[in-house]
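Chemist: 367 is the number of the first residue of the sequence shown in our numbering; add one for each residue after it.
Take the hints with a grain of salt, since some may be wrong.
Claimed, not checked - When the alpha-carbon atoms are kept at most 20 angstroms apart in a straight line, the in silico PhoX-like pairs for lysine-lysine are as follows:
#1 608 - 402
#2 416 - 430
#3 635 - 608
What the hints assert, rightly or not - Label pairs and their computed distance ranges (CB to CB):
#4 809 - 702: 47 to 53 angstroms
#5 821 - 460: 47 to 53 angstroms
#6 761 - 532: 50 to 56 angstroms
#7 730 - 757: 15 to 21 angstroms
#8 523 - 654: 31 to 37 angstroms
#9 502 - 523: 22 to 28 angstroms
Keep in mind that the hints were calculated from the coordinates and are not lab data. Each residue gets a CB set at the ideal place from its N, CA and C atoms; glycine is no exception.
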Amino acid sequence: MLRTTLAATAVVAALLAPTAARADTGDAIPALTDAKGRTLQLRGWNLADKSHRGEQALSGITEKSIRDMRAKGFNTARLLFFWDDLEPRPGQYSQDYLRKIERILDWARKYDVKVVLDAHQDVFGPAFDSRGVPAWATRTDGLPFTHHPDDWFSEYFEPAVQRAFTHLYEDEDLRRAQARMWRVLADRFEDHPAVLGYDLINEPMGEMREGEDLATAARRIERDQITPMYNRLADAVRSVDKDGWLFVEPTPIVGEGVPTGLGRIDDPKVVYAPHFYNSTMEAGGDYDPAAGWVENYEAAVTLYPKEYKVPVVVGEWGPLNNSLPHMNRFYREAMASLGRYSSGWTGWEWCYGGGYCAVDGTGAFRTNKELTAEPYAEAVAGRVRSAAYDSSTGVYRLSYDAAGRRGPRVTELSLPPGDWRVTARGGALVLRKDRGRAWILAAPDARVTVTVTRG
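Modelling step: build the complete structure from the supplied sequences, incorporating the hints.
Modeler: Encoded structure:
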């Protein structure tokens, strides 16, 4: 989650291209798949507990959260963990913290929720009164740091924070420590059935050089420092886990429609995982439909997965104030956009209250958040031709070419709370519909059409 500074906003806003409709990507962006070869769609929320540490770490995440998410139709959680909790002293890994993570993963398995383990950092780590990289792995060369309590994201531009990122990327001993941390975590959880993959670092940033604007600096940092880091961490994870998906993020600057400078990650199971935030809405403002932000973001963010042929899962998104006049339109347009190019998303965040929370204290969706709960195909046994939900009519349509005789047979649908009618045509039938799920059985190589209609 970020809140962009006004200065940063001015720089990137000037770089935005005129609003233009994105051409249909067709099959250019691959889909996320499971071990059976089924096409996956992830829909869910971030699970975060930034308030508790030590013995109380992760105590803010409960079984109720995962049960309630699944009951509303969501099948994925992006679970935040912090390196400073996992390795409070060099080489000393907290077994208690690993057990706490495992307890949450066990709940996710119980409710059939997939989990992405996210190595989270905000403003680098505890050396700057935040969370993430341990203080013992933070080097600032004595450069200054000033808190900005009214705009925490601007702290990323403090000299000490920027230099700390440079040392993390460039110092050999810190590189080894970061890779070792990931080996420990992946080795512990590589066999856990709830674990889908690993988000290698949240919202990486870096050090600007004199004369660079923000977009130019971001592209250089992504190309020259973050890409090599991801390749190092991919090697570390693969030394113990051959199967988990690796989620890689650009800098948060992509949220303003600036294409990433990330290069190729040399691994067969990479997911591009940008965040989808707008500076105005992050500051509590309303959505401006005329500004073309959604269109510009979609045009920019799809360039990388098209070039490198990797699926897209948006790791964080969602405005601060959901009840402003244009927010209903924002959610409808955002959901339609995400459905065009991504293999899913995890919103910020699943909690019970105000602000960014998905639901209120009673567990009811907060204003306009109910628009995130749509029918969708969790796993398609074949090649998806089209899939879309029309929020105005309450109709979801899925068309797919079923797998051949040796492929998987059953497609799984997720249905949000309510009365939904499911029909299947083209050599397919509805096997079962129960508790917000439906299962479709198709003949080999059939061209199937599934329609889900609100009752």
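Chemist: For each hint, tell me whether it holds in the structure or not.
Modeler: These are the hints, each one checked on the structure:
| no. | hint | verdict |
| --- | --- | --- |
| 1 | 608 - 402 | holds (16 angstroms) |
| 2 | 416 - 430 | holds (18 angstroms) |
| 3 | 635 - 608 | holds (9 angstroms) |
| 4 | 809 - 702: 47 to 53 angstroms | violated (31 angstroms) |
| 5 | 821 - 460: 47 to 53 angstroms | holds (49 angstroms) |
| 6 | 761 - 532: 50 to 56 angstroms | holds (52 angstroms) |
| 7 | 730 - 757: 15 to 21 angstroms | holds (19 angstroms) |
| 8 | 523 - 654: 31 to 37 angstroms | violated (25 angstroms) |
| 9 | 502 - 523: 22 to 28 angstroms | holds (24 angstroms) |
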